[in-house]
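Protein sequences, first through last, are from chains L and A.
Take 1 as the starting number for the first sequence in my numbering and just add one per residue.
Take 1 as the starting number for the second sequence in my numbering and just add one per residue.
Treat the hints as calculated values from the structure; they're not laboratory data.
Bear in mind that the values here come from a model prediction, so they are computed numbers and not experimental data.
Hints are not guaranteed to be accurate.
[Claimed, not checked] In silico DSS-like pairs for lysine-lysine, Cα to Cα no more than 27 Å straight-line:
hint, chain 1, residue 1, chain 2, residue 2
1, A, K182, L, K106
2, L, K47, L, K180
3, A, K182, L, K105
4, L, K129, L, K47
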Amino acid sequence: MNEVSAIIIDDEDLARMVIREHLAAYPHIRIVAECCNGFDAVKQIAKHEPDLLFLDIQMPKLNGFEILELITHRCEIIFVTAYDQFALKAFDVHAVDYLLKPFSKKRFDEAMAHALAIISSGKPESVEKLRESLRNDGPLTRILIRVGEKVHVLPVDSVSSVEAQDDYVEIHAEGKKYLKQQRLSELESLLDPQRFIRVHRSIIVNIDCIARIELYAKDSRLAVLRDGRKLPISRTGYEKLKGRL
Amino acid sequence: MHPFLSNRSSVLFYFVLWILIGAASSFFFVHGTALPIFCAAYAGLGGLSLSSWFVVRSIGIRMMRPSMLIGIGIVSSVVITSFWLAGFYVLVQSSGDTLLRTAVLTQFRTIGFTGAIMSLLVFAIHLLLLSAQEQRIQQEEAIQLKMLAREAELRALRTQIDPHFLFNSLNSISALALNDGKRTREMTVALSEYLRATLTQGSQDFVSLQDEGELVERYLSIEKIRLGNRLQVSIDISPATLQAQIPPLLLQPLVENSLRHGIASLIEGGMLTITAMMHNTDVIVEIKNPFDPSDRSARSRGMGQDNVRRRLAAAFPDLSHLSTAADERYYTVTLRFPFTSGGNLS
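Input sequences plus hints: build the corresponding full structure.
And the structure:
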């Protein structure tokens, strides 16, 4: 059997220990890293590109789902959680492997059998659908951006505008710019529509950051932000803004 | 707002009644002459008498002895009638009708006396209205208090079986079982003791600060096994405060918050500090934890904290206080409530 690389992500030492013990029965699985927080997990996954992840959901800094959002590497995931009714529903719908703490050897072996079958077939299932269904609880409160190994956590309050740049969005926050691979319409659907207005085909503005609106030609206007930047507003964008300001 | 003035038909009814009284008085005192003057004058008395509502409302009728209420009623109606009589006199004088003037002046004492009686009647009606109103408010408050107690009970039940805490603890036991029999037993005992304590204390109305402190310590001893050296604890409860009575499970949700939103969300963990001390006749309890200021959930402690605030307020109405403070590194919750030992609780 081919060697399978795995990373265990859990903030509790004892919880990692249990998984390690169970994995001792699988000699062809090599544990390449253990992580006790989300930042480290994102870094180690990028570095080792493992085949298999044991991912705890409740963790400091970044939770399990936020880690998923930040990794580009495709791998098989077994979620491990003590209790999370909301996530469990999503797991069942999307046939994701999960373990409920504490778990039996039998349950562990079942999850492993399923995960290993997928790994050997060479097509890890996409977690994008799962990711989307987990997002349904209220507007985004922070935006996560990974630049190389570094993870930036931007509170949405600090974001003044978002502009579409090909496949990326350029996020302006506290005088800095961040690029994130995401479609503008997708990000728009995640932000609070009361505060973040799509004022133009390629621009979303935080209405709290608008200083004033200038008319610069017939039917075309500019939003002047508190930091001095000027952004174009389309006619429909202006209609949306009028109702809010 | 005056209850009569709150809708138009009751205003109308009230003044029509007074105008009728004015007309009757005109027949009684001056054989039906000067009808408009009398009607206007008695409508005026009706208007002036309304002011006794504000007297009734300001004196706090629940605290007053009946004899005091009668005294205040007499004084207020005498004052009101004096003003009215002065006005009545000016009105009669300015009518230029000398016959009317003599007729009124000769019966001035009777007019004044009956006027005062009527004004006193209005005072009594005000008194009845207000006490009915206060009784209704009292009933509503009692219902609300009952609902609060019920909510607290539910919350207490939920705390006993906080699923995260319970399953994570069981997972730790399962982890320890193979390698460390001694610690496995310790943790099983600690978890059982904690669950038992929440069950027994949750059914009581008040517990001592000592009992609550011990429950919190048990809870923390379990969390310490889970979080390892990320959690350090410093507890300093002044002996003078140990017998202070508090609603059960008042501090535990706050400590749980300190871990969940504070220490457990920090990679390096930190020190949880709990202190209790006397300040004059009050007990001050402080729970302080380091937190990640960039984490927004660390400041919103949500339901648990609101619930503690309300339960504290229900146990010590107007005498207790819960405040929170956050600086760059630490989040602090401070409770202040009067010291009551077991014996003198009502």
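Report task. Identify every previously stated hint that the structure contradicts and give their numbers, smallest first. Result -> none
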